[in-house]
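Residue numbers (the working numbering), protein chains in the order written: chain A, 1 to 187; chain B, 1 to 187.
Honestly, the hints are just simulated from the structure, not real lab data.
Errors might be hidden in some of the hints.
Each pair may be met inside one copy or between any two copies, as identical chains are not told apart.
To be verified - In silico lysine-lysine, DSS-like type, Cα no more than 30 Å apart, as pairs:
hint, residue 1, residue 2
1, 157, 2
2, 157, 52
3, 52, 2
4, 52, 64
There are 2 protein chains.
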Amino acid sequence: MKTSLGAQTLLFPAPVLIVGTYDAAGHPNVMTAAWGGICCSQPPCIAVSLRKATRTHGNLTARKAFTVSLPSEDFMRQADYFGLVSGHDTDKFAAAGLTPVRSDMVDAPYVGEFPFVVECRLAHTFELGGHTQFVGEVVDVKAEESVLGSNGVDLGKLKPIAFVPGSQAYYRLGPWIGQAFSVGRQD
Amino acid sequence: MKTSLGAQTLLFPAPVLIVGTYDAAGHPNVMTAAWGGICCSQPPCIAVSLRKATRTHGNLTARKAFTVSLPSEDFMRQADYFGLVSGHDTDKFAAAGLTPVRSDMVDAPYVGEFPFVVECRLAHTFELGGHTQFVGEVVDVKAEESVLGSNGVDLGKLKPIAFVPGSQAYYRLGPWIGQAFSVGRQD
Numbered sequence: 001m002k003t004s005l006g007a008q009t010l011l012f013p014a015p016v017l018i019v020g021t022y023d024a025a026g027h028p029n030v031m032t033a034a035w036g037g038i039c040c041s042q043p044p045c046i047a048v049s050l051r052k053a054t055r056t057h058g059n060l061t062a063r064k065a066f067t068v069s070l071p072s073e074d075f076m077r078q079a080d081y082f083g084l085v086s087g088h089d090t091d092k093f094a095a096a097g098l099t100p101v102r103s104d105m106v107d108a109p110y111v112g113e114f115p116f117v118v119e120c121r122l123a124h125t126f127e128l129g130g131h132t133q134f135v136g137e138v139v140d141v142k143a144e145e146s147v148l149g150s151n152g153v154d155l156g157k158l159k160p161i162a163f164v165p166g167s168q169a170y171y172r173l174g175p176w177i178g179q180a181f182s183v184g185r186q187d
Numbered sequence: 001m002k003t004s005l006g007a008q009t010l011l012f013p014a015p016v017l018i019v020g021t022y023d024a025a026g027h028p029n030v031m032t033a034a035w036g037g038i039c040c041s042q043p044p045c046i047a048v049s050l051r052k053a054t055r056t057h058g059n060l061t062a063r064k065a066f067t068v069s070l071p072s073e074d075f076m077r078q079a080d081y082f083g084l085v086s087g088h089d090t091d092k093f094a095a096a097g098l099t100p101v102r103s104d105m106v107d108a109p110y111v112g113e114f115p116f117v118v119e120c121r122l123a124h125t126f127e128l129g130g131h132t133q134f135v136g137e138v139v140d141v142k143a144e145e146s147v148l149g150s151n152g153v154d155l156g157k158l159k160p161i162a163f164v165p166g167s168q169a170y171y172r173l174g175p176w177i178g179q180a181f182s183v184g185r186q187d
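Okay, chain A solo, but in the shape it has when bound (with noise of 0.2 Å):
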């Protein structure tokens, strides 16, 4: 027997994608957002939703470009430190004592002590309502060779983080339970 929860965001898991940008002056900001992913595979790009009240958002519009850090489980607390100030009045790099790096591809920086980024140009920029939805396209993906194994990134390296809507919560990604495109297999 199903319950009705009433029009709300809930959908599980969500990503914890660390957005860069720069400011007209070239102030390097970041920010933390959950509503986001892939969302198309050729061109290969990824979405994140923003308000506009955000600094990011503006920085976005300008400079037509991103990037997006995934915090490891140990950087947890400068990505939720990311998502609770805003870059308006602070520098939060400073702040968090991490470093912002040049991306060498786009016009936009990225968290260097993050283990993985993707570099983004902004290709599509659609109005949802509270947020704006901004498609880049992504023009590198870049990893420390700390979080590689045999096949790529090793998922039990990288230790990402998951977003909990709802409850509002982090969680760690559990084991490996199934090979897609080969589970489901009925012959």
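Using the hints, position chain B against chain A.
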């Protein structure tokens, strides 16, 4: 030291979304999608990206409504199966032994046995290249009473699946590790 992995669709974790639609004759169909997630808070919206070749793409375009059911881990095989075969030539519900339930809110079916469903009316359609992004306004969310706790959906009972691009694998969601909008406070 970061290594370039090229322009790829890598972001962790992604969800496992079972998209339910009716065709013109009223036959229910489902397919599995991992490119999607929450994209707006007001109005509450979720996005799913689908290739034009899929049955669901045509159904959704015609009927302007869809559901997203989330499988629990117990239904991983069926969820994977829904992504392996085409609704053009298979009655996937019948083949998987699962029950299409007509939404009481929108013109689309969901998977009765799956513990959680989001019911959407189509709000926007965006062409991104190989994928079309469908943005649905959430009309209702329903969950089995067996997965609810004192604070809404209990993730330990829901047991949602995460998808990991690259290695193309399903992962369990791990334990709670911190409270968002809280753990990063510096005061």
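To see whether the hints hold, each was checked on the structure:
Only between protomers do residue 157 and residue 2 lie at most 30 Å apart by alpha-carbon distance; the minimum there is 14 Å, versus 38 Å within a single protomer. Within a single copy, residue 157 and residue 52 get their C-alpha atoms no closer than 35 Å, and across copies no closer than 36 Å, so neither meets the 30 Å cut-off. In this homomeric assembly, residue 52 and residue 2 never come within 30 Å of each other (Cα to Cα): the closest approach is 36 Å inside a single copy and 32 Å across copies. Taking the shortest alpha-carbon separations for residue 52 and residue 64, both the intra-copy value of 15 Å and the inter-copy value of 28 Å come in at or below 30 Å.
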